[in-house]
Amino acid sequence: MYSLNIKIALMILIVYILIKTSEALPQVGNKDIKRADDNEFYSIEEICKDYRFEYPPSKHGKHAKHEVTRIKNGSAIDCIWSAGMSSRIINITDCELFTTDGLIKVLWQAGITLGVDNKARAVVKFEVPLDWEDKLPAHFLLRSAASTDFGPHCNAYTIN
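FYI, the numbering for the sequence shown is -24 to -1, 1 to 136, going by mature numbering (1 follows the signal peptide of the UniProt record, and there is no 0).
Bear in mind the hints are in silico, worked out from the structure with no lab data behind them. Just so you know, not all the hints are guaranteed correct.
Said to hold, decoys possible - Computed spacing ranges between beta-carbons, pair by pair:
(1) Asp125 x Asn(-20): 51 to 61 Å
(2) Asp125 x Ser(-22): 55 to 65 Å
(3) Ile(-8) x Phe126: 34 to 44 Å
From the three backbone atoms N, C-alpha and C, an ideal C-beta is built for every residue, glycine too.
Sequences and hints are given; from them, build the entire structure.
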């Protein structure tokens, strides 16, 4: 019986401590979870607004649907990226070579800051791994990641 009284007293003490300490903790307000198609400033569409390849052409270019950029293995070209003036993008972080089967190689990852015109340019060497040389010529696409000022990353793709 004695141990039961101690257990009850300990439980009351624990509840009392929890109540007292919970008052000292900061209170967090509720946050609404919004729809994915929400066009507010913090939606991914607004954060990454108009992030794309200018060269090689992206699927958003004027006639890009019909354009194929031919690049010789081992050559270097100027890649040009742009983002909308209201986007939150600050840095282009990398450029990756892909096929429909997945990643082939990271071509460039020096990182570059967007200019005041929200454009960036970098020389990228296009070179496939040795095990891909016997498969050339082939169709590839590029993916490029960009970082924002507060967290989410954005991706741009060329056409394949």
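Here is how each hint holds up against the structure:
Distance hint for Asp125 and Asn(-20): a CB-CB separation of about 60 Å, consistent with the stated range 51 to 61 Å. Checked against the hint of 55 to 65 Å, the pair Asp125 and Ser(-22) passes, with Cβ atoms roughly 59 Å apart. Distance hint check: the CB atoms of Ile(-8) and Phe126 are about 38 Å apart, consistent with the given range 34 to 44 Å.
Of the hints listed earlier, there is not a single one the structure fails to meet.
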